[in-house]
Structures are given as structure tokens and as C-alpha cells.
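Make a model of the complete structure from these sequences and hints.
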Amino acid sequence: MKQLDDIQLLEVIEKYLAGEMSASEAAQFESIRKETPEIDQMVVEHDMFLHEMDQYASRKNFSKRSAQIFNNLYNAGEWAPIDEQSTKFKVIQLWSKYKKVTAIAATVGGFIALFTSTLMMYFSPSLNGSQVLQLSKAIEVIKKNQQVQGHILNEVKTKLPENAKLLSGGSGFLIDTKGFIITNAHVLKGNGAIVINNVGQELKATIIYADKNVDLALLKIIDSDFEQPKSIPYTIRKKTTELGEEIYTLGYPRNDNDIVYGKGYLSAQSGFEGDSNAYQIQISANPGYSGAPIFNNNAEIIGIINTRQKQAEGVAFAIKSSKIFDLIESAQKEQSGEKSVHISKNMSVNKSGDRKKQIGDMKNFIYNIRSYN
Amino acid sequence: MILKFSKKIISNQIGLLLPYLSINILKAEYNEIALLKGLANNDSKAVETLYKNHFSTIQHFIENNNGSFDDARDVFQEAMITLYEKVQNESFTLTCQIKTYLFSICKHLWLKRLQQIGKYSSPLSAQEESISVEADMEAFEKKDAAFAIMDRALNSLGEPCKSLLEGYYLNKKGMQELAAEFGYTNSDNAKNQKYKCLMRLKKLFFSQYNIGD
Numbered sequence: 001m002k003q004l005d006d007i008q009l010l011e012v013i014e015k016y017l018a019g020e021m022s023a024s025e026a027a028q029f030e031s032i033r034k035e036t037p038e039i040d041q042m043v044v045e046h047d048m049f050l051h052e053m054d055q056y057a058s059r060k061n062f063s064k065r066s067a068q069i070f071n072n073l074y075n076a077g078e079w080a081p082i083d084e085q086s087t088k089f090k091v092i093q094l095w096s097k098y099k100k101v102t103a104i105a106a107t108v109g110g111f112i113a114l115f116t117s118t119l120m121m122y123f124s125p126s127l128n129g130s131q132v133l134q135l136s137k138a139i140e141v142i143k144k145n146q147q148v149q150g151h152i153l154n155e156v157k158t159k160l161p162e163n164a165k166l167l168s169g170g171s172g173f174l175i176d177t178k179g180f181i182i183t184n185a186h187v188l189k190g191n192g193a194i195v196i197n198n199v200g201q202e203l204k205a206t207i208i209y210a211d212k213n214v215d216l217a218l219l220k221i222i223d224s225d226f227e228q229p230k231s232i233p234y235t236i237r238k239k240t241t242e243l244g245e246e247i248y249t250l251g252y253p254r255n256d257n258d259i260v261y262g263k264g265y266l267s268a269q270s271g272f273e274g275d276s277n278a279y280q281i282q283i284s285a286n287p288g289y290s291g292a293p294i295f296n297n298n299a300e301i302i303g304i305i306n307t308r309q310k311q312a313e314g315v316a317f318a319i320k321s322s323k324i325f326d327l328i329e330s331a332q333k334e335q336s337g338e339k340s341v342h343i344s345k346n347m348s349v350n351k352s353g354d355r356k357k358q359i360g361d362m363k364n365f366i367y368n369i370r371s372y373n
Numbered sequence: 374m375i376l377k378f379s380k381k382i383i384s385n386q387i388g389l390l391l392p393y394l395s396i397n398i399l400k401a402e403y404n405e406i407a408l409l410k411g412l413a414n415n416d417s418k419a420v421e422t423l424y425k426n427h428f429s430t431i432q433h434f435i436e437n438n439n440g441s442f443d444d445a446r447d448v449f450q451e452a453m454i455t456l457y458e459k460v461q462n463e464s465f466t467l468t469c470q471i472k473t474y475l476f477s478i479c480k481h482l483w484l485k486r487l488q489q490i491g492k493y494s495s496p497l498s499a500q501e502e503s504i505s506v507e508a509d510m511e512a513f514e515k516k517d518a519a520f521a522i523m524d525r526a527l528n529s530l531g532e533p534c535k536s537l538l539e540g541y542y543l544n545k546k547g548m549q550e551l552a553a554e555f556g557y558t559n560s561d562n563a564k565n566q567k568y569k570c571l572m573r574l575k576k577l578f579f580s581q582y583n584i585g586d
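Residue numbers (the numbering used here), protein chains in the order written: chain A, 1 to 373; chain B, 374 to 586.
Honestly, the hints are just simulated from the structure, not real lab data.
Beta carbons: idealized from backbone N, C-alpha and C, even for Gly.
Incorrect hints may have been included.
Chain A is faced by these chain B residues, among others (derived, beta-carbon under 10 Å) [said to hold, decoys possible]:
| no. | residue |
| --- | --- |
| 1 | TYR424 |
| 2 | GLU539 |
| 3 | ASN544 |
Straight-line Cα separation of at most 16 Å, EDC-like style, residue types lysine to aspartate or glutamate; simulated pairs [stated by the list, open to error]:
| no. | chain 1 | residue 1 | chain 2 | residue 2 |
| --- | --- | --- | --- | --- |
| 4 | B | LYS576 | A | GLU52 |
| 5 | A | LYS60 | B | ASP517 |
| 6 | A | LYS60 | B | GLU502 |
| 7 | B | LYS576 | A | ASP47 |
| 8 | B | LYS545 | A | ASP54 |
| 9 | B | LYS569 | A | ASP54 |
| 10 | B | LYS576 | A | ASP6 |
| 11 | B | LYS575 | A | ASP54 |
| 12 | A | LYS64 | B | ASP416 |
| 13 | B | LYS575 | A | GLU52 |
Written out as C-alpha cells, the structure reads:
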């Protein structure tokens, strides 16, 4: 039988190549090899094959082992995706560490221009990742010549520390004349932050408190260039808002620093999958709107935009404004040694003003937020 | 840093190694050499150390350049394989620190992937220094092609051939053990089956391999 012969031959060749033949056997085989070109070719071919098989086995075994080692380390908590790292505890810990070290050295070395890269769609693992997406921006830093980029941004003299890597961005708004700002926790992927006001002025800020569960965070402007306003032209609503109420928002979804106005209505009293901490709103929300305030017609903040439903364009979710008060309370407890964190008493709305007038007043209190490491 | 060592020497006892090594050390740190030696000898501790020391840099790099954690894991894994196969070589040279080498490979791989999916739009932002790894990547890609062919061939064999051959060639099990595992009455029957499978595998492999070259 031909096949049987082939099998026997293969066995002999393999034995020969593996060096398992005795000296006399090997010598005998080599003389057959010399006389029979077909067998010689088979030996060469099989040698080549075994070599490839060896390489294959070596890589396959190594991949398997190293993947296992990786998984063991991962499960032991050696690393986590950056998005998962910024738990409340960690943010606070980082902040207190960072607070001691420096009040952010202002560095003006080189001209660093910022530009927002592709609006990376970011799915938070703690939310239902496949169906909602958070609206923060992914930002990249590159060093570019001022003349090339200068016309895009007027923030060439950046207040970012040298070598800082911008990680994320979004919007935020002032809740106190002393410079306290509310934004989403997921906007702050780094442990440092700068805020940029409506006219493009950069101000240094620190992260005071972040609650990843509610997705709210508190920042404070710590920049001497910050001009404290006398009062704030809007208020924060404590009660819930009625269905169908007309709403509008102001935020920084664009790559430049232009504030953008959007209008819509309150479409449900609960958020994604019945989340009672949130509203569902009908508004066109783009990445970058995360942390933007939502106002009603009385210039009361009723919520903070944080996510949008992936499938349905125009459907977004907002954290109820009452959560701001809860956040401040938690922050005050946490910061017992600190000068108290608070919401301004000087909040008042110019009732006589129309929408345009209201927005004109408000926009100076809404900030473009960037977070870095 | 330049270091060289031949494989024969690596496979010696580690304790004996240092005085006898034909290493041409200019600025090499002993740690790095030991680590590479461990990697070449399939020491899990070395692999673990490499992950611990270098993965987070790559994680940050990838995540700051349009990638996810999983992307970082995959790219780093490939870089580890590249380094592993490099140190398997009879005489290999590493002209930089392990850190720089791994980063350079990862950067190369990630750039390529971004270009493939059409997401590459600007210079990658990175603070780590990197070296040119073109030559190494070329060798790696060649091996990659052969690996893919073998993988496809093995997977299209069907059972029991696939498991039998994997047991013999990958897991280095003896015929007797395999006979027992697969339920052959004796090891000769198992061996016979193995050779039948092997012939099929070779046919599949070479039909692709020759085209590939």
C-alpha cells in the first residue's frame, strides 16, 4: 500500500532529523538519500516543515503563556483601563497629593497649541456602555508652530504644565463667585484641569471632588487671573421639572472655543433605564456637551448633560440639578479641614431680560474644561 | 547599550553565566540582560516583570492615540512576541534599552493599525524616545505570515488530527501518552494516525506556503 510506505518513510525521516537513529542507521539512510533524489527532497522539505512547526509551536506557546500572565496581573489589579481608574477615591487621593506638590507651575515653554482630535466615542463601563455614550471630548496635544496653529486658537500661551497630556474635555459652569465649577466626573480623566472661559482665557483649576456614580465633579479655579464676579446670572433648581418644559443649553462641543446654544424640551422624568437621578431630554447633544448646564425659561439650571442614547439621535440624558446640592454636601464632609465649599448665595436672574439677554449674561459663567495628566 | 549573547550560552545555568558570557557590554545593566535571558528561557517571572515594567507606558500611549485598553494589550502582546523571537536567535543584538525597544515596536504596530483602519490623521503624540525597528518588523512579518498559514492549516484539519498533532508538536507529549489520551489501543496505532494527519497537514501547509513565498 502506497500510503503505508509514505507513512513509514515519513517516520524514518522524522527519526533521522530528530537525531534518534544510531550511527549505523544514519549512515545507511544517508547513502539512500544520496542515491534517491526524491527521498533527499522529502528530507529537506520535512526539515523545513519541522522548522516552521517549531516556530509555530514556540510562538503559540509563548502567546498563551504571556496572555495568561497578563490576565493574572490584570485580575490582581495591576492595571485598569484609564476610564475605570478615576473612581471618586482615586480622584480625591490624587488631588490631595497634587495639591501639596504645587499650585501648578505656569509654564510657557514652547508654543503648545491644543486641538481636539477626532471626537472619540467613549463608552463608559459603569453605564450601559453599548447604548449610551458620554459626551466628553478626547483631546490630543501636539507641539506646533505658533504661526501654523495660532489662528485657530488664541490660547497659545498655555497654562498647562510642560509635558502635560490632555486626556479629556467637556463643559462646566460656575456655581459660586469664588470659582467653584460643576462638570461631569467623566470629563475629568486626568488628575489636573484647566478651564477656558468664553473669551478664550485659560485658568488653572483643581479637582476638589468627584463622584463617579452620579457622574458629577467639582472644580475650583485657583488662578490669580480669575476675576471673581459679583453675582451669578442664574439659579439652581432644587425641585424636579415638569414634562414638556422648554429647555436650552450652552456648552463647548466644538473644537474651537466658541460657545454653542442648543434648544429642546424635557421628555421624561427619568433617565436611561429608569434612572431616577436623571431626566431624558430632547436636544441635539454632541461630544463636548458633557457637563453643560440645562436651563429652563426662568434661567434656572435644571440639569447637567452627561450622556446621549447611541441609537436615537437627539435623545440625551441629564443629571437632575438637585444632585448638585448632594454633591456639595458630600464635598463639604470630605473637605472638613478646608474652607467650605459652597454654592453662591448671590444667584439671581434678570427676569426682565429676554433669552438673548440671558444668554449674553450667562455665557461668561460657562467654561470649556480640559483635563490632563 | 549594546549586548550580545549566543544562545548556547544562554541555555547554561544562570549562576555560571556571568563570568563565561560572551557579552559585549558597553552600558548594559545586568538586570536587563538577566531579564532577556529569562525571556529566552521561558521564565514566567521575566515575562511578568516585562509586563509590570513596561505595559503602562504602552497603555498610555495607545489610549492617548485613539486606542483602547484592549488595543494596548494586543499591541503589547505582539511586541513581546517580537522580543521573544528576537532573543531566541543564535546571536542577537539589542542596541537600546528594553523599554525603548518595546515602545518602538508598539509605536510601529499601532501606526500601521491606525493607517489600516484609516484613523491615522496626525503625528502620534508620544514622549518616549524610539528607534527604527524596520528590519526587525520585517522579520516578524515574515514569521507572522508563516504562522498564519500553519494556523489555518491546523485548524482546517479537523479532529482528532488537530489535537493529536498539537499534542505532539506543541505540547511535546509522547506517543504513549497521546495514545492513552485519545483512546488508541496502542502507541503504534496512535503513531500511524499521527503520520496520516501529518501528511494532510503538510499538504495543506505547503500549498499555501509556496504561494506565500
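Now the hints, each set against the structure:
no., hint, result
1, TYR424, "holds, 6 Å"
2, GLU539, "holds, 9 Å"
3, ASN544, "holds, 8 Å"
4, LYS576/B x GLU52/A, "holds, 14 Å"
5, LYS60/A x ASP517/B, "holds, 11 Å"
6, LYS60/A x GLU502/B, "violated, 30 Å"
7, LYS576/B x ASP47/A, "holds, 14 Å"
8, LYS545/B x ASP54/A, "holds, 11 Å"
9, LYS569/B x ASP54/A, "violated, 19 Å"
10, LYS576/B x ASP6/A, "holds, 13 Å"
11, LYS575/B x ASP54/A, "holds, 14 Å"
12, LYS64/A x ASP416/B, "holds, 14 Å"
13, LYS575/B x GLU52/A, "holds, 11 Å"
Of the hints listed earlier, those the structure fails to meet are numbers 6 and 9, in rising order.
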